[in-house]
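Can you make the complete structure from the sequences, with help from the hints?
Top line first, the protein sequences correspond to chains G and B.
Residue 234 is where the first sequence starts when you use the numbering used here, and the numbers rise one by one after that.
Residue 3 is where the second sequence starts when you use the numbering used here, and the numbers rise one by one after that.
Note that these hints are calculated values from the structure, not bench results.
Cβ atoms here follow ideal geometry from the backbone N, Cα and C, with glycine treated the same way.
Careful: at least some of the hints might be erroneous.
Simulated DEER-style distance windows between Cβ atoms [stated by the list, open to error]: (1) D128(B) x D388(G): 41 to 47 Å; (2) G207(B) x K361(G): 56 to 62 Å; (3) A386(G) x T10(B): 54 to 60 Å; (4) Q294(G) x K285(B): 35 to 41 Å; (5) R49(B) x R374(G): 20 to 26 Å; (6) E235(G) x G207(B): 22 to 28 Å; (7) E329(G) x L242(B): 51 to 57 Å; (8) E158(B) x K402(G): 24 to 30 Å.
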Amino acid sequence: MEQGKIIVSSDRFQLTLLRLCHQILEHHIHPEELCIIGIQERGVFLAERIKTSLAHMLGVQSFYYGMLDITFYRDDFRRRDTPIKASSTQIDFLVENKNVILVDDVLYTGRTVHAAMAALQDFGRPQKIEMLCMVDRRFNRHFPIKADYFGIAVDAVDEAYVRVEWEQKDGEDKVLLFSGKND
Amino acid sequence: MYLSQLSTKHLLGIKYITKEDIELIFKTATEFKEVINRPIKKVPSLRDVTVANVFFENSTRTRISFELAERRLSADVVNFAASSSSVSKGETLLDTVNNILAMKVDMVVMRHPAPGAHHFLAKHIDANIINAGDGTHEHPTQALLDAYSIREKLGEIEGKNIVIVGDILHSRVALSNIFCLKKLGANVKVCGPSTLIPRHINSLGVEVEYDIKKALEWCDVANVLRIQLERQDIKYIPSLREYAIYYGINKHLLDSINKDIVIMHPGPINRGVEITSDVADSKQSIILDQVENGVAIRMAVLYLLAGKRG
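Shown next, in the form of C-alpha cells:
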C-alpha cells in the first residue's frame, strides 16, 4: 500500500485552520447570522475544528452549527456499483436568511457541494452560501463551483488522491497526496 | 459492521433476508425519520424511479404509508386496486403486472391474498418487488417497523421478551414478526386461544402460552393482533365477547401485573375486543409511533432496493 506524500504537516495544519477562522471573521462581521455546516462524513471533522476555534475567538458560540448528510441527494444514486451509506443530518434550525458556510475536507468535482446546496434548500432559503474546504483540487471540477476559503490548493492529475487526516479520527492532522486511490 | 447494500433484490419476506439486512434497514430508517420530521419532508433520491402499488386486497394504512414513503423519496407513483381493475375481468396476475411493467415501472409494491404470489412474480419479472402482505404468509415491512419501534423504545431487542397475542393462525404480521424478532435475538412467545395457534408453531423457536396474564407477566412487550373477522371461515372462537373476556387486554389486567410493559398493535384496532381504549391510548402504548416509523422503514426499504444493482 502506498504511503502517500505529506503535503501539509501537523504544524502547518494548525496555522491553516487559524487562518481559515480569521478569514471567516473578516468576512462575517455579524457572526450571529453565520451558520457553519459540515458535510458528512469527513467534512464534519473540519467543521468541528472551525466551530471550536471560532467559539474560542468570539468568546462564546454565537453562530449556528450543523451537520448535513447528502446521501439522499446524490446524483449518482443507482449509477454506482455500491451505494453510499447514509449518515445523520443534525440541523435543528432553519437557514432562512442566514449566511451559510458549507464545510468539506476536499473540494474535488463539486458534485458533493452541488448536492449539499440542494439538500440545504429543505431547511429554508439562505441569504448566502459559501464554501470552505481544507484542500481545493481546483482543476478537477465538473460544476462551476469554487471554494471561498481553502487551506491548500492542490493541482494534481485526475488519478491522484488527496486524503485529509484528522487528529480526532486518524491520530494526527495532516494532508497526504497519493498517486492513485488505494482501495 | 453495517453492510452498505441489501443482500437481496426483492423484499419477499423476513425469512429471506439476513440480520445484517435488517440492521442496514434500521440504520437507513433512522436517517429517514429525521427527514420526515423536517419542515420539508422530501428528498430527491428516487426521482427517476416509478413505483406501482398493486393491491389485490383491501388496505388503508399500509397503502397510504407506502405511498407517502414513495412520494417523500420523490418517486413517481401509480396506484392499482384490484376491485377497479381488469383483474375482475379475468386477467392473470402475471399479465396484469407485465402490463404495468410495460409502462416502465421500476418497483412493484404488492399485496395479494395468495401466499407466495410475490415469489412467483419475482421469478418472472425484472422489477424490484416488495411484499405488502401475501395472504396469511408474510408482511415484512410491518415486522420491520414493529421491531424498529421496540428497539427505539427499549434500546435493544436482543434478550427482550416479546409476546404476540391474538389470532396467530391467520396473521401474516405474527409470522413476519416471529422471523424478525428471532433473527434479532429476542425471546418470543405467542398467546391466544388454541384454535388460533398454528399446530407446529414451536418449530419456529417460539413458545405457546394460553394464559394471557402469565404471558403479560413474562413479557417486556405485548404485540396485540387484531381478530381477523374476514378470515374466519369457520367458527374459531365462540364469540367476540368471549374472546374479549379471555384474551382482551384491559387496564385492570395491566394493573394486576407488577411492571410496565410496552403495548403495540399493528392496526386497525377492534376497540373493546382485543384491546380496550384506555390501554390503546395509554402511555404504555406505542401504536402511533409504529405508524410514524412505518413511513421511515418503508422509505428505507424502497431506497435500499432501488439502489441495489444487478
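Range hint 22 to 28 Å (beta carbons of E235(G) and G207(B)) holds or violated
violated (50 Å)
I want to verify a distance hint. Is the separation of the beta carbons of G207(B) and K361(G) within 56 to 62 Å?
holds (59 Å)
Outcome of range test on Cβ distance (A386(G), T10(B); 54 to 60 Å)
Roughly 45 Å apart at Cβ, these two residues miss the hinted range, so it is violated.
Indicate whether the distance between the beta carbons of Q294(G) and K285(B) respects the range 35 to 41 Å.
holds (36 Å)
Check the following: the C-beta atoms of E158(B) and K402(G) are separated by a distance inside 24 to 30 Å.
Check passed, 27 Å falls within 24 to 30 Å.
If you check the beta carbons of E329(G) and L242(B), does the distance land in 51 to 57 Å?
Taking Cβ atoms as reference, E329(G) and L242(B) lie about 54 Å apart, which means the hint holds.
In this structure, is the beta-carbon distance linking R49(B) and R374(G) contained in 20 to 26 Å?
Since R49(B) and R374(G) have Cβ atoms about 24 Å apart, the given range 20 to 26 Å holds.
Do the Cβ positions of D128(B) and D388(G) conform to the proposed distance bound of 41 to 47 Å?
Between D128(B) and D388(G), where Cβ atoms are some 45 Å apart, the hint holds.
In the structure shown, a violation is registered for the earlier hints numbered 3 and 6, in ascending order.
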